Structures are given as C-alpha cells and as structure tokens.
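Sequences listed follow chains A and B, in order. If you're matching positions, the first sequence starts at 1 in our numbering and goes up one per residue. If you're matching positions, the second sequence starts at 1 in our numbering and goes up one per residue.
Rather than coming from a laboratory, the hints here were simulated on the basis of the structure. The structure presented is a predicted model; accordingly, all values stated were derived computationally and were not measured. Take these hints with a grain of salt, some might be off.
As the list claims (entries may be wrong) - To give an idea of the chain A side of the interface with chain B (calculated C-beta under 8 angstroms), a few residues:
#: 1; residue: 494
#: 2; residue: 619
#: 3; residue: 675
#: 4; residue: 686
Where is the CB? At the ideal position from N, CA and C, for every residue including glycine.
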Amino acid sequence: MTSQFVPTVTNMVTIVRNIIEGYGMGPIRALAQEPVQNSKDAASRGRARVEYRLHKRQSPEGTDDYMLTVTDSNTTGLRGPVHSLADIAQGSALSEGENWAAFEGMGYTKKSSEDALGSRGQGKAAYLYHSNLPSLVPNQERMMMLYDTLLPSGEYRLGVRYTNPSDAVRQPPFIGDEARSVISTRYNDEGTAIELGLDPLTQVGTRVVVPHLSQEAVDAVHSGELYQWLQRCWWRAIQTGLSIEVVDEDGSTESVSVPRWWVTEPWTRQTSGARTYENIDAGDGLKIKRIVLLYDESLSGSDAQFWGVQLLRGQQWIETLGQETLADYVPRDKRPGFRGFVEFDRGAERELRRAENPQHEHFDRRVSGVKELVAAIEDKVREFAEEQGWGAHESTRPAPEGEREAALEFLRFLSPRERSRRSAQSGAANASQLSMDLTERWECDLRLDFPDPRSVRVNWGEYIRNVSVVVSLQPASISRHATVSLELAHVDDRASQIFIGSQSVHLQSGEGIARFGDFQIITGATSPSKLQCARPGKWRFTARVEVGGVQASRVSRSMFVNEDPPERQSKPYTLSVSVENHSTGQRRINSGDTVGVQVSVTNHTTENQALQLTASLGDLLLADMTTVDTRGIPAGATPARIPGVQSRIVINPTTSPAPQQQSINLPPGRHALRADLYLNGEVVAHASRTLDIEVDPVQSQDWPPFRIEQISGSGPHPRWQFQKRNQDDWVLQYPPAYPLYRALQASPNQSGARLTGVSAFVVDVCAEGIIECSMEPLDNGDHSRMDELLNGVPAGADPERWEDYCDKMQELAALRNRPERLDEYSLLVRDCASRSLNLFVERG
Amino acid sequence: MPVKVWNRDNGTLSSVVETVRRASLRGELFRVDAEALDREIDRMLDRAVELAVVVVATESEQQAFIKRWAVGRALMESGLLQSEQLDPGEEKWLWQAIARKCRLGVRADGSSEAAWQELTPNREPDPTRLERDVFAVGLWLQEQELATAMMAFGGSRTNAREVYRRGAIRTKNLRDVLACWFEELEPSRRSILTRPGNFLPLARALATRFPGRGPGSAKRPVHYSNEELYAEVCKVLDPIANELASSDAEPVLKNP
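Just chain A, with the same shape it has in the complex (with noise of 0.2 angstroms):
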C-alpha cells in the first residue's frame, strides 16, 4: 500500500504553541486535563483506566532520551472509517463515533451541534507541544505524535502525525501486523527514526505517544508536579470510577488518589468540619446541587495550595474561586485548612458549559447565570464562615445623632424639596422662576446665534448675534413693567465681568423681550458692541429680570472663547422621571391620592432625532412608541427636556375620577413607574420611579435619597461605602476606625464653624455619597436623580457658584462609563463634592 502524508498549509507548530501557551495554569496542566477528558469521554460512564507512562531511550548520540504514553483502556478505542486524503484535505462534516477521523483531522469542519469546546483540537495539541523532535534543516521547529489503538473488532491501528512546521498526517495508518510490528520496534521515515519498543495493546483502547518529551514534561513527571495537576483536575471522577497512574521510566507506579480531606466523602455523612449545602436555588432556573465546604486546621503545608472552592464540571475541575472571591469571608490564617467544591445540575452544567473557556480553566462571568452561581456560593461560604466564627467581624448601627444632625444639614441643603422649583414647560438652559406673590409667574430665556450653530464656540473675532432675553408672565392678562440686565464673566474669574446693558421691557400678553444686538468676541478693549474676553474658556451671560427692585427671574448661558466645549454626555439621550403626590405632597400613597407623573426625554446630541417613549405603570400603559420629537443643541450647551408623558393619575379611586384624569387600582405595596426611550427599536434610555403605595417609603422621606450607618469590623474598610439593599434603599456607610475620623474625633471643635470634628468629615462623605447616588442611574440614561439634584438654586447658596457646580456636574455625567478617563472622573468627583462643601459652608 502506497503511504503519504497529508500536510496542510496552515504552521502548525505556531497553533499548537498559541493554544497551549493560552493555558494560564501552564501546560503540564493542559497535559493532566485534555488526555484524560478525551478519555472519559470515550468510557462507558467515564470510567476510563488511564495511564501516564515515562519510557527512557538511548538517542543515537548516546544521551538519554524520553518518550511519553498515555494509554487509555475500558474506553471506545478511535473507532470510526479511516477517511480519504480528499476528505482530510478538503474538510468535511463527522458524525457521533467518528472519533479516529477527528483525532486525525484539523480539517474537518464543525457541525452546528459539535461542543465548540472540543472542537479546537486541544487534545492533540496537549501532546504535540511536548514534543521536541530534532531538526532536519536549521532552524526547522518539529512535534510528532503516533496513537495506536485497538478496536471491539480487533481491528489495530497506528497513526503518525507531524507538525514541522505544516500539519502532517500520515494517510492511511499503519494497519494490522504492520501497526503492531512498527510499534513494537521502531518508526522510520526520512530522516526520522523512533526507537518505540511498545508492547501492542491487548485491550481495547488507546495509546499516545509523544517521542522526545520536553524536558519540562519529564521534570514534571519527576517532581509529581503531573500527579498533581491530574489529582486536581480529576479526584472527583476518580472517585466514581476513573483510575489514573503515573508510571515513571523505572516503572514505579503511582495511582493518582483522591485528596486525603475527600476520600471520606464528609457530604454522605456528618463530618466535624465539614457543611454541605444541596439543591441550591441562584435564580433563573439555575440550580447547584451541591456545595461542600470544609475546614480542617490539621491542613496545611504544600496542601495549602488547594485552599478555596472548586468549581467543578462533569466531574472535572474547571477553576477554584479562592482569594480574589472568598478573602472577606475567610480570615488568611484559616485559608490553608480551608477547602470546598462545587458541583451544578444538569442545567446549570449546560450553562456553564456556554461559559467555560476553551482551556476548560475559567468560567466568564459575563455569560447569563454564571455571576448568579458564584454569588449563591459567595453566600454560602459566608455562612460557612459565620457558622465557624469567622464571619461576625462586621456589624452596622446608626451614624451617632450630632453626626447625623450633621450630614442631614447639608443634605437639607442641597434638598431640591427646599428650592423654588422651574417650571416644567421651561426648556431653556438654566432658566430660573421666582414668585413674585402667589399669583405670579415670571420666566426668563436667553437667546442667541453662535457663529457656528453646531457649537457654543466663538473665536475671536467671531460674532454672537441677535442676543435677545425673552420675559414671560402668568398669568398673561397682568400688564407689568420689569428691568432686564445682562453681563458676562469668565467662569473662573468674577474680576473680569462685563456689563453689557439693562433695558426696560413693556410686558403685554405675558410676554416682552429685551434686543441686544450682536457682539464681537475681541482681545482688545469692550465698546458698545464687542466684548473683550482675552482669556480663553468657558464665559457665561447672565440675564436678569427685576420688577420694583426685586429680582424675578434669572437665566445664563454658556460659550466657550478659543476652546473646544467638553464633551458631552456619555449616552446621547436620557429619561427623567417624576412623581408627585398632588393630594399630600408626601411620599406615601394612599388609596384616592392623585399623583402627578411627567416623564421628559434630553437629547444631548446636535442632530434632531424623533424618538420613541415607552411608559407605563402597573397595568397602565401612559405611552406606547409614543414620538417625542427633540432637537439637538449646540456641543457645550445644555439641551432642554422634553416632556413625553405628562400625567394626573388617581391611585385607587373610591370616586369616578375628572375626565383628564386616569386611575388605576394598585394593591398596597411599592410599584415602579417605568419608561424606556427607543430609537431604531433599540432601547437608549430607560428610567424608574417607585411609589409606596399604603406602605411608608423605606426612607422616611425621599430626601435625603440615602441613610446614614457606621460600619465596624475587624478589617479595614473604605472611606466610605454604599449598600444598596434595593433600588430605593442606599445606606451610606462609613468606618469609625477610619484613621482620619479618629483623629478628628481627638481633636478639639472649633466653636462657630459650620464643619468640625468627626460631623466635617460625615458631611464630606455624603457630598461624595450624592455625587454617586445621583451618577449611578445616568448608567441607563436615568437623568431623574441628576434634574432633581440640579434644578434650581439651594437657598442660601450663591447662584453662581451653584451654577458651577451643575456644570461640573454636567461634565462629570459625560465622563461616566468612561474607563479610560477614570483619573479625570475621580479627580471631578472631588471637585465636585469641594464645590458642595463650599456652597455650604458659604451659605447665607
């Protein structure tokens, strides 16, 4: 019969390097796991006899030379046909049982329904990489492996395959008489002689052999470091039948056991030390069955490397979850005596699967279950902990009252229940309303033509044209006079402010406006029409109404002189909900209450853009793909919100409610209002409200938005922290060991000062706490928590100073999400919460 190899164009040698090399546990365990998992596989029930054997030659040079089998037995042997040349060549479709084809092929392309786990050719590669055959011609890289195997029917086979560094499969193998003879003497081709010497195999099954062994792979048999990666790796499936030994070239024999704190099975029966939790439910249909977590002091030495939780999969050990995961819970001189595994149903083995990493070594976390499984775990170890002593080194209690009293004064501050609020129907850009008496409403818009409408940008030289500020007045039926101002300052620079002028305006119908013509952006001196801004940044105007001295209303605007606005926000468009209760004002809910609901849509872009808004509550559906049109805005100016769904709905009415009116029947509990913002059909935004309905919202009031604790425990702990119990439920937490609130606390208060002491330090870590809190649901495009925070003006504070502060805010929003602007997040965080600290302090 005429022999050939088959090679492929593809450098092999490059391949199988990659695919071992991306073993992050090295290849010794790629060695312990792939050979045996192909045996398993191919064993009734798994119980595969698998044998590691180390052969020493004499290389023609007269220096010692290893060879490695691994034969398995009590498995299929590489049944199926021998395919064709064309087939290797070409790549075809296998089916079940064709398992010699595949051990043959890395052509063959894969079936929608093959594992794509074991369809990258790991197994082969697990053996090629550990073979180092000499070179023919310099600088040639070459592997070889053979693998004989006996089938039920007797049939004896042996393959050869080379990778030098092209992929070579010899074709056909090696049969009969001839596979036996070659084995049991020597393989010569061209330039290539194996001492072999095997013994054919007697029993169905197969054998690997991989000549010239890497110098590593010996070492590894010597040193038991592959004894130990196959203990790790397979002890559980050892223990229900598969059998490994390691033999080394002397012939001493090794079977690779159970590790001694399993052998005794401590879930079948009660083990001192040792929990077993069963049919763990994480969620999603997701169930393990079975978590077994034991401490044994008497564990220590090299057996401390096993400490932590194994997870395994179909027996195997796929990783363990040990420091990074279990640190909290287990104390570091208890980790040596500590260990655990894993092991997840049917359908959670499935999912798993999805999950697990070619190298059957990790589990991503990103697939749909598998953070919900480790976090089942996480909590059973914590009860494990707990149960041991070791859990109960936390423990939470209310900020101490003058420190509450403390946080609870700035936080009143910045409560926007505290502030005259703008009026809905306002899309202007930090526009502000005052009452003048309570039956008047003034409003204020001020408006103006960049040189580019895209931008806020102006260059010098530039124009702002027709600068105008519109008045408004409701009711429209009152005649009135008022006075409108404008000026212009840097915002980092109050000395360089420039008043532009003041006009009187005549308001009829409810409405005046105020001309100031255009403006040229200059270096130079101001003159009636130009505007000397030498330093470059961000200018602000600001316009202001007064009626009889006092002030009515106010409204800014930003430019940027010679300098590019900062970028906008992350998600180019946003939802904000609110939720009012009309009848009582208050949180809570009670049956006949009508609460007035409004949700508005930002766009944040500079493109129009129709979107479609979603929302509903309980069975009620406010809006279905309902178009709300927006336009987009100048880049570094502040986009209006648009109302999409404006709402007076009667919770539980016990009368028929007005005809503009809805109502809805909702048992007594909290229910969410929810809306989502679609474009394309793809959701862009989505925001959430909750109502307590006849229960007491889980804050006593909705603001502060956050409850204040102590944290206390054994090890250190940040700053400060949230828990967030539930959407509606952050507690803000902070460690009285924290060395600076010691020292504090040590230290004399100053009498008279607004911040001291131990209450300084509450109040900095709720102005950080609000920051977050606001922040954290802009993650959906929730900009409810934001426009609650930022609309209007704190009484007492400085409208100015506040104003920077909501722009700060503003950009700290665009830099949300951002990894690779982390550092200019956290530096705006602090500046942030700076500025908070300083409207509060300076406060009137």
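Since the structure of chain A is already known, use the hints to place chain B on it.
Coordinates of chain B only, in the frame set by chain A:
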C-alpha cells in the same frame, strides 16, 4: 381565623389551634372556630380530589400537575383566603394545616381520607415554601382552565415553575398565548419542546424579551392585546424552537 393543625404521634392523632390573635388568649379558646375551618378545608380538599380525577393522565408528572391545579382551583372556589375571619399572618398556619391534613389523610372528625394524601407533597416543607411552591403556584395555575394550563406547560410542574419564578412573564395573557403557540405545533414537536430541559430556554427567552426591570421593562405582557402578544411570542420562540427541534434530531459529535 384560628387554624387547627393536625399531628400524629406514635399513631395517635392530635391537634393544636394556631392563631395570631392576642397572645393573652390561648389558641385553644378558639377551637370551635378552628373546627369550623377544618370542616371547610375538608370540603375544599374533597373538591380538589373531584377536580383531579376527572382528567385521566398517564404520566405521573402530569398527574402531579393536575393535582397542583386542582388544589388551586378548589382553594379559589372555597373562598377560604377571602374570608374576613382569616387574620393577616395566619395564612402560614392555613398552608400548614392543609398540607398536614393531606399528608396524614385526616378529616375534621378524625376519620381517614387516603384520597388526599397525594394532593400535596409528602414531604412537608416550611410554610413559606409550602405557600410558594404548592398553594401560590396552584392558585396561579388555576387562573387558566386545566386544558389551557396543560397546553401552556406541557403538563409539567417544572415548566410551570420556570415561568412562575420569572415575575414579569407570569401574566395570564402570556400563558394563554403560550398555550396557543404550543397548540399550533405538531404534537411530536410540542412534546420535544415541553421537556423541561428544552422548555427552560423558552422561558428564559421570554423573560429576556419581557424583563422584570431595567431597559425594556416598561411595556409588559399585560399591555399587549392577545394578537400583538402572540406575534411577539412567535418572534421570540420560533427561532429557538426550530433550533431545539433540529438539534434534538441530529447526533452530537463527541470530542475524541
């Protein structure tokens, strides 16, 4: 309403009266009320047996499904839960009393009733789990007629639980549409897809399409008309069903 909870110690039947009424008044003071409730439970369980036996199911899993549905329907018809006498917090005793009567097979007068013994699980979990896994699911299942519920879940409690545990897709209109969707399939295909292992991806896909919270959660199944919801369900389930059905037919290649 005070609840009588039966027990059997060394073959002897006994009972205690449990109530949340004022601690100063011992439960035994309400034994007359509790006895009356016990007789109502008898009638409810008899009705459950009656409802369960009218349908002949060959598979044990289907029999269990029918019993779960029957207990729910009988409970709903009995009006026990709507009783003004049942004080808040006493439901847990009611669940335990019903489960215990089933497990022991004991009527209010102390006589035996073997027919009840398989209406609820033989193992009696804590009242919270009893409520969640047995009675709440039963009440929820009975919102549909039995045939429709059987069609929606292939007569499998496991499948029903997969939907029940995902709050956003629990609604009756979605279950009705799910039943319609299964009904349109050929029986052989339906049988493949209602195997619990295959049903799970369907439930998960529906939960992904109709999330309980977060993006995409504003419009829920209850906001759709039946026609719209059917179209959505087809959009979500058809591709998975095709994939599952085809993979079920083809052999799987094992890694050699």
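Verification of the hints:
1. 494: violated, 43 angstroms
2. 619: holds, 5 angstroms
3. 675: holds, 5 angstroms
4. 686: holds, 4 angstroms
Hint compliance for this structure: hint 1 alone is broken.
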